[in-house]
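Sequence order for the protein chains is G and Y. Sequential numbering from 0 applies to the first sequence in numbering that gives the first Met the number 0. Sequential numbering from 0 applies to the second sequence in numbering that gives the first Met the number 0.
Hints in this document: simulated from the structure, not taken from any laboratory. For clarity, every value in this text was computed on a predicted model and none was experimentally measured. Among the clues, some could well be false.
[Said to hold, decoys possible] Some chain G residues judged to face chain Y by a derived CB distance under 10 Å, without partners named:
| # | residue |
| --- | --- |
| 1 | Ser50 |
| 2 | Asp54 |
| 3 | Ser101 |
| 4 | Asp104 |
| 5 | Thr179 |
| 6 | Ala187 |
| 7 | Val215 |
| 8 | Arg282 |
[Stated by the list, open to error] Dumping the calculated EDC-like pairs for lysine to aspartate or glutamate here, alpha-carbon to alpha-carbon at most 20 Å:
| # | chain 1 | residue 1 | chain 2 | residue 2 |
| --- | --- | --- | --- | --- |
| 9 | Y | Lys212 | G | Glu250 |
| 10 | G | Lys212 | Y | Glu175 |
| 11 | Y | Lys212 | G | Asp276 |
| 12 | Y | Lys212 | G | Asp258 |
Each residue gets a CB set at the ideal place from its N, CA and C atoms; glycine is no exception.
In case you want the letters, here they are:
Protein chains: 2
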Amino acid sequence: MSDFPAFRRLTLIGIGLIASSIARAARVEGLATEIVCATPDADHRARALRSGLVDRAFADNAEAVAGADLVILCTPVGVMGAVAAEIGHALEPGTILSDVGSVKDGVVRAVAPHVPDGIHFVPAHPIAGTENSGPDAGFASLFRGRWCILTPLPDGDAAATRRLSDFWAAMGADVELMDTRHHDQVLAITSHIPHLIAYNIVGTADDLEAVTKSEVIKFSAAGFRDFTRIAASDPTMWRDVFLNNREAVLEMLGRFTEDLAALQRAIRWSDGDALFDLFTRTRDIRRAIIDAGQETDAADFGRHVGDDT
Amino acid sequence: MSDFPAFRRLTLIGIGLIASSIARAARVEGLATEIVCATPDADHRARALRSGLVDRAFADNAEAVAGADLVILCTPVGVMGAVAAEIGHALEPGTILSDVGSVKDGVVRAVAPHVPDGIHFVPAHPIAGTENSGPDAGFASLFRGRWCILTPLPDGDAAATRRLSDFWAAMGADVELMDTRHHDQVLAITSHIPHLIAYNIVGTADDLEAVTKSEVIKFSAAGFRDFTRIAASDPTMWRDVFLNNREAVLEMLGRFTEDLAALQRAIRWSDGDALFDLFTRTRDIRRAIIDAGQETDAADFGRHVGDDT
Numbered sequence: 000m001s002d003f004p005a006f007r008r009l010t011l012i013g014i015g016l017i018a019s020s021i022a023r024a025a026r027v028e029g030l031a032t033e034i035v036c037a038t039p040d041a042d043h044r045a046r047a048l049r050s051g052l053v054d055r056a057f058a059d060n061a062e063a064v065a066g067a068d069l070v071i072l073c074t075p076v077g078v079m080g081a082v083a084a085e086i087g088h089a090l091e092p093g094t095i096l097s098d099v100g101s102v103k104d105g106v107v108r109a110v111a112p113h114v115p116d117g118i119h120f121v122p123a124h125p126i127a128g129t130e131n132s133g134p135d136a137g138f139a140s141l142f143r144g145r146w147c148i149l150t151p152l153p154d155g156d157a158a159a160t161r162r163l164s165d166f167w168a169a170m171g172a173d174v175e176l177m178d179t180r181h182h183d184q185v186l187a188i189t190s191h192i193p194h195l196i197a198y199n200i201v202g203t204a205d206d207l208e209a210v211t212k213s214e215v216i217k218f219s220a221a222g223f224r225d226f227t228r229i230a231a232s233d234p235t236m237w238r239d240v241f242l243n244n245r246e247a248v249l250e251m252l253g254r255f256t257e258d259l260a261a262l263q264r265a266i267r268w269s270d271g272d273a274l275f276d277l278f279t280r281t282r283d284i285r286r287a288i289i290d291a292g293q294e295t296d297a298a299d300f301g302r303h304v305g306d307d308t
Numbered sequence: 000m001s002d003f004p005a006f007r008r009l010t011l012i013g014i015g016l017i018a019s020s021i022a023r024a025a026r027v028e029g030l031a032t033e034i035v036c037a038t039p040d041a042d043h044r045a046r047a048l049r050s051g052l053v054d055r056a057f058a059d060n061a062e063a064v065a066g067a068d069l070v071i072l073c074t075p076v077g078v079m080g081a082v083a084a085e086i087g088h089a090l091e092p093g094t095i096l097s098d099v100g101s102v103k104d105g106v107v108r109a110v111a112p113h114v115p116d117g118i119h120f121v122p123a124h125p126i127a128g129t130e131n132s133g134p135d136a137g138f139a140s141l142f143r144g145r146w147c148i149l150t151p152l153p154d155g156d157a158a159a160t161r162r163l164s165d166f167w168a169a170m171g172a173d174v175e176l177m178d179t180r181h182h183d184q185v186l187a188i189t190s191h192i193p194h195l196i197a198y199n200i201v202g203t204a205d206d207l208e209a210v211t212k213s214e215v216i217k218f219s220a221a222g223f224r225d226f227t228r229i230a231a232s233d234p235t236m237w238r239d240v241f242l243n244n245r246e247a248v249l250e251m252l253g254r255f256t257e258d259l260a261a262l263q264r265a266i267r268w269s270d271g272d273a274l275f276d277l278f279t280r281t282r283d284i285r286r287a288i289i290d291a292g293q294e295t296d297a298a299d300f301g302r303h304v305g306d307d308t
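Here chain G stands alone, though its shape is the one from the complex (with noise of 0.2 Å):
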């Protein structure tokens, strides 16, 4: 239980792996006297509802947000201009309404517009997750050691900044701003394009031919696998960080492509040593982020397959 000054009512749009993860998380820390969410889908309401992941639930989101001081929008990011126009009117003045988007200029450009004067629009992205969906896939530490990105707007007020950051440290992550613009070249990097390659080899390998399917779920464990990890995410929530973060995709993706270029020239010319170069000089990089505290150094990120055969 953290000393945060619990928020009267938070109000989640979307009860998804991240949603209820911060259902989960609020509730640990005591940071909201009443959670409730909306979603369309009935099964998830109930299910919501049942493990006491939130108060009260709606299909309808205008509903949900009347006497929030915080709503977070964890919907895709495609829809969340829609629910934005949707909201808008039953927002209270003085309401703090934030997303956890992995886009975010694409998010301010689709929300901003819908915002009356008077909320204070905090855009957020969490940086955090797993290759599970859904309500019950959510858990209260997803965030503890994890960064979570804020991109107050220019003219955004910096005490509901200054809570909203307040919330997500008391849900144990590390919170730091940044503009939305420079947000997405540096998620592109390090999150759209490795999403965008992982589905891609996976797609790749599904439609050979002189190497069956069953062969590569066989031999999986040479590489692969690690892929399918990523390329199993959300497909909705995917598509729309593609189609909301086209530009600084296109550019980080015209770089991927130029390099693996040279590397497919090295190997068809045998050079060994433009080879042996690159591979030398990736391995400080893991050793970095391992130092970091953003990933675990167990061989093989501890994972234990086949122990019981």
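With chain G fixed as given, assemble chain Y onto it according to the hints.
Frame of chain G; chain Y shown alone:
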């Protein structure tokens, strides 16, 4: 302890991750009366002897194989031909000569010319490993529940193939037979291309100016860090893999970049359906890998990071 009739003397050329795991597993299961190794690295010899991995350790490869009835080449594939040339004359008739290289056609072409009559050359490739290297990185259970592919030569000795197959099975591996070229195609997609693109994206990230290296490290939990594990693998081993499986790697890489270009186009033209279709079908492959016992179903590989914060 298995009921496998032990080899008289097992000689491992090299004592890195795979060789030291074989030594440990062979010890635990009683698969060889004596285990010796050869490596030019005096420190590795001392460590292998001190930890009881091997009974004797040699600097000279030919000395190490004298009296052995099973010799396994555990060096990078690029030097296997030279090693074979050194030890060929010292091998005793009836000895089984094998290897653990990630490429099979190139190894056979390099090694086979140096194998005298009466020696049974049976190429092998255990699909197991971690991102760590060296004699201390190995562990006895590395091969348990993993596949080991044997690629016996068309005119190979069936009894020798069976004996080597039993040896791997006694260490816990499931054994599969394949021809060398098909092996190289399967591994190109399940292993070589995943490694190549992991190395490549880590290199691309390292070269950015708009995003600092410290930002890449800080926010790596968004997906990037998964790739750094693979890109921390042994540089010499992987340089040799690409130089020795050029044909299959370039063929698979061509397909990968073609598919990536199609994805790039879908993003540029906002073709959400194309993205969604791919992102949906890739989920099934991961499910199948988990069902096949080749992967954990724990979220995020079951890794725990930041638990102590």
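Verification of the supplied hints:
1. Ser50: violated, 17 Å
2. Asp54: With a closest approach of 26 Å, the Asp54/G hint is violated.
3. Ser101: At about 8 Å, which falls below the 10 Å cut-off, the nearest Cβ of chain Y leaves the hint on Ser101/G intact, so it holds.
4. Asp104: violated, 14 Å
5. Thr179: For Thr179/G, the interface hint is violated, since the closest Cβ of chain Y sits about 14 Å away, which is over 10 Å.
6. Ala187: Check passed: Cβ of Ala187/G comes within 8 Å of chain Y, closer than 10 Å.
7. Val215: Holds. Min distance 6 Å.
8. Arg282: holds, 5 Å
9. Lys212/Y / Glu250/G: holds, 17 Å
10. Lys212/G / Glu175/Y: Holds, at roughly 16 Å.
11. Lys212/Y / Asp276/G: holds, 18 Å
12. Lys212/Y / Asp258/G: Judged against 20 Å, a Cα distance of about 17 Å means the pair holds.
Comparing the model with each earlier hint shows violations of hints 1, 2, 4 and 5; every other hint is respected.
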